[in-house]
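Participant: Single-letter residue listing:
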Amino acid sequence: MLARTGLAWLVMMQVMMLAFPGYMRPVERSAEAQQTLEQAIVLMNWSSLVLCVPLMTYCAWPLWQGAWRDLARRRVGMDVPVALGLLAAFIPSVIATWRQTGEVYFDSVSMFVAFLMGARYLELCARQAAGSRSAGGLEGHLLALADRWALRFVCVQLVLAAGVGLWWWSVQPDQAVAVTVALLVMSCPCALSMSVPAALAARRTLSLRHDRSSALDAQRLDAAMRRVARQNLFGSLAWHVLVTPLAAMGWVQPWLAALTMLMSSLAVAVNAWRLTRIQGPSGLGLVGSTG
Amino acid sequence: MDGLFLLLPISLLLVLGIGVAFWWAVFSGQFDEAGEAAQAILDDDDS
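Listed in order, the protein sequences are those of chains U and F.
Letter by letter, the first sequence follows residues 1 to 291 in the numbering used here.
Letter by letter, the second sequence follows residues 1 to 47 in the numbering used here.
Chain F extracted, bound-state conformation (with noise of 0.2 Å):
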């Protein structure tokens, strides 16, 4: 029981962490063209 009042806050603290990672990536525009890297490969011209 006691090491609930210790793990608790730990998951509540990972899951802000994990969701503030997630907020900034999707508005730093990481989500934005997901095929444009894939496609670079085929349109890179270095003949």
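The following block holds chain U by itself, in its conformation from the complex (with noise of 0.2 Å):
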């Protein structure tokens, strides 16, 4: 899991590389230096596209088998709207640095790859802190609570995309495949799923610090773990609700989906680490009050 996450990332930093040159395309120059800049991108494409290969088939390998599993039940998680986002924006980019012509987004595919990785493995980390008190009755509550959340929300983005896509294809073909790229990218749930294991690892943490605590102390921890775990879960919702209309109106590339939702699994993380920074009664009032 962590080469899988490392290798993505070294990836994602020279497709970056690489992909810059495309973006310096609408800016004005001599004919000249045109031809030469569209030379370069021809050639960095196709290192791209290079470096891509070992990224989708080894970097991306859990996300392919959890999509499959997903379709072979007939159900639908979280790594089905992935993998569809992953091949809607290879795909053309395949054929687009084959033909010479185009945009391609060997950037969007390496960046979203990296940064969901990142998301699992800081999901990984919190769900082995939090160990086997996963099977209590509170936590348990919480994390089907969380996935009843995401799977919803998988299921509306899913339609979403595929109507506003459908809608800017008969009004804009050449749009559509980058809205529909950035409306799936968005559609990852990784922030929701990371919520509740977080907040458990947090409190897991914090239990272990003070284990002579009182029942009382156990009490409000439990009490505050909830509200952590509530904010994370509501907050990356709402987030989502919000940058949505946003991609499907074609403001957001690719590029910067796949940066907002590593912001939210931050969010979602840190906001869980300020939990474990609670030290005694006094800071525990104090998490109570701003939260």
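It should be emphasised that the hints constitute simulated quantities derived from the structure, not laboratory data.
A quick note: this is a predicted structure, and the numbers were derived from the prediction, not measured.
Here a beta-carbon is modelled for each residue, glycine too, at the ideal position from N, C-alpha and C.
A hint or two may mislead.
[Said to hold, decoys possible] So the derived label-pair ranges between C-beta atoms look like this:
| id | chain 1 | residue 1 | chain 2 | residue 2 | range |
| --- | --- | --- | --- | --- | --- |
| 1 | F | 33 | U | 61 | 19 to 29 Å |
| 2 | U | 25 | F | 29 | 42 to 52 Å |
| 3 | F | 27 | U | 169 | 37 to 47 Å |
| 4 | U | 167 | F | 31 | 44 to 54 Å |
| 5 | U | 174 | F | 21 | 34 to 44 Å |
| 6 | U | 170 | F | 25 | 42 to 52 Å |
| 7 | F | 33 | U | 29 | 50 to 60 Å |
| 8 | F | 17 | U | 57 | 12 to 22 Å |
| 9 | F | 23 | U | 29 | 24 to 34 Å |
[Stated by the list, open to error] Part of the chain U face toward chain F, derived, beta carbon under 10 Å:
| id | residue |
| --- | --- |
| 10 | 2 |
| 11 | 7 |
| 12 | 51 |
[As the list claims (entries may be wrong)] Take a look, some chain U residues computed to stay more than 12 Å from chain F by CB distance:
| id | residue |
| --- | --- |
| 13 | 1 |
| 14 | 6 |
| 15 | 10 |
| 16 | 23 |
| 17 | 27 |
| 18 | 43 |
| 19 | 62 |
| 20 | 91 |
| 21 | 95 |
| 22 | 226 |
| 23 | 249 |
| 24 | 251 |
| 25 | 259 |
| 26 | 267 |
Could you fit the two chains together into a complex? Lean on the hints.
Facilitator: Here you go:
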């Protein structure tokens, strides 16, 4: 997991560097310079393609596996929109590279895989830290709540992405791919699925640190944990709802969508980490008043 | 422009080298128990 994540980040940095000439395309320049730039872009695109093949196969392997497992069981999990988004961005890019015309989204693909694997790695750490306690009644309830919301969210987003993509296709076909990819990237509920395990891990760290604390403290800790978990859950949900219309209107490029996804995941992690900074009863009161 | 034909393959080779080195490091256990070495100094008992 660490190897896949690290390699994805390495490839992402390279591909972003190689994608830079593509961003320079709209700037005004002399005809000769423009021709040199176009040649350079073709070369860079091929290099990006070479870098993206191991990324799509090795680094993104858990995503393909998860999507296939979900499809085999005839249900929609998180990995299905992710896999669709990756394919929707990667295949047109390969065709564009082959024909040497059109936009490529290798930078978006590599960023998406890298951020997603980063978020998954954080989630794995959180789940491992939460450990066996996740079998408890309260934790189980919270986890089920998060999973249910994530599932609903994914279904709505998939339908929305298909509808909006078709609309853009009928109005402005050259924009349709970018908008659909951005929406599919946005539909990944990484932050949602991370919200509860992160809070549980924080709670666990705290109870290990104050293992001799009284039952009252434990109750207050539980209350604080529940509050943070709910904050995370509904905060990330609200964030997605806020950004989705912008993506549907075509204001969000795919790489920007990947970046916002990472930001929401990080916000969830930071919010949970805030819980571990509680030192004593006074700290608990503080969190209660601000949360 | 000609320089790119030399520089791009070199950069790809470098990336490959870094990737292989990182992969080896992960699977030879370099990142397991990252806090171990720091703790070992405190646990050391050579009084």
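Participant: Indicate, hint by hint, whether the structure satisfies it.
Facilitator: Hint-by-hint comparison with the structure:
Range check, residue 33 of chain F to residue 61 of chain U: about 26 Å between beta-carbon atoms, so the 19 to 29 Å window is met. For residue 25 of chain U paired with residue 29 of chain F, a C-beta distance near 46 Å keeps the hint of 42 to 52 Å intact. Distance hint check for residue 27 of chain F and residue 169 of chain U: the Cβ-Cβ separation is about 45 Å, which falls inside the suggested range of 37 to 47 Å. Against the hinted window of 44 to 54 Å, the Cβ-Cβ separation of residue 167 of chain U and residue 31 of chain F comes to about 47 Å, which satisfies the hint.
Distance hint check for residue 174 of chain U and residue 21 of chain F: the Cβ-Cβ separation is about 41 Å, which falls inside the suggested range of 34 to 44 Å. Range check, residue 170 of chain U to residue 25 of chain F: Cβ separation about 51 Å, and the 42 to 52 Å hint holds. At roughly 54 Å, the beta-carbon separation of residue 33 of chain F and residue 29 of chain U lies within the given 50 to 60 Å, and the hint holds. Taking 12 to 22 Å as the suggested C-beta distance range, the pair residue 17 of chain F and residue 57 of chain U conforms, at roughly 19 Å.
Range check, residue 23 of chain F to residue 29 of chain U: about 41 Å between beta-carbon atoms, so the 24 to 34 Å window is missed. This hint holds: residue 2 of chain U has a C-beta 5 Å from the nearest C-beta of chain F, less than the 10 Å allowed. For the restraint placing residue 7 of chain U at the interface with chain F, the shortest Cβ-Cβ distance is roughly 6 Å, inside the 10 Å limit, so the hint holds. With 10 Å as the threshold, the beta carbon of residue 51 of chain U comes within range of chain F, its nearest partner Cβ sitting at about 7 Å, so the hint holds.
A beta-carbon of chain F comes within 12 Å of the beta-carbon of residue 1 of chain U; the shortest separation is about 9 Å. Interface exclusion of residue 6 of chain U from chain F breaks down, the closest Cβ pair being 5 Å apart, not more than 12 Å. At roughly 6 Å, the least C-beta separation between residue 10 of chain U and chain F is not larger than 12 Å, which violates its mark as non-interface. For residue 23 of chain U, the condition that its CB be more than 12 Å from all CB atoms of chain F holds, with the nearest at approximately 17 Å.
With a cut of 12 Å on Cβ distances, residue 27 of chain U stays outside the contact zone with chain F, its closest approach being about 18 Å. Non-interface call for residue 43 of chain U relative to chain F: violated, since the shortest CB-CB distance, roughly 6 Å, does not exceed 12 Å. Remark: the non-interface label on residue 62 of chain U is consistent with the geometry, its nearest Cβ contact in chain F lying 15 Å away (cut-off 12 Å). With a least beta-carbon separation of about 22 Å from chain F, residue 91 of chain U lies farther than 12 Å from that chain, consistent with its non-interface assignment.
The beta carbon of residue 95 of chain U sits about 22 Å from the closest Cβ of chain F, which is more than 12 Å, so the claim that it is off the interface holds. No Cβ of chain F approaches the Cβ of residue 226 of chain U within 12 Å, the least distance being about 30 Å, so the stated non-interface status holds. Every CB of chain F lies more than 12 Å from the CB of residue 249 of chain U, the least distance being 37 Å, so the non-interface label holds. Distance check for residue 251 of chain U against chain F: the nearest CB is about 33 Å away, which clears 12 Å, and the non-interface claim stands.
No beta-carbon of chain F is positioned within 12 Å of the beta-carbon of residue 259 of chain U; the least distance is around 22 Å. Even its closest Cβ contact with chain F, about 25 Å, leaves residue 267 of chain U beyond 12 Å, as expected for a residue assigned away from the interface.
In terms of the numbered hints stated before, the structure departs from hints 9, 13, 14, 15, 18, listed from lowest to highest.
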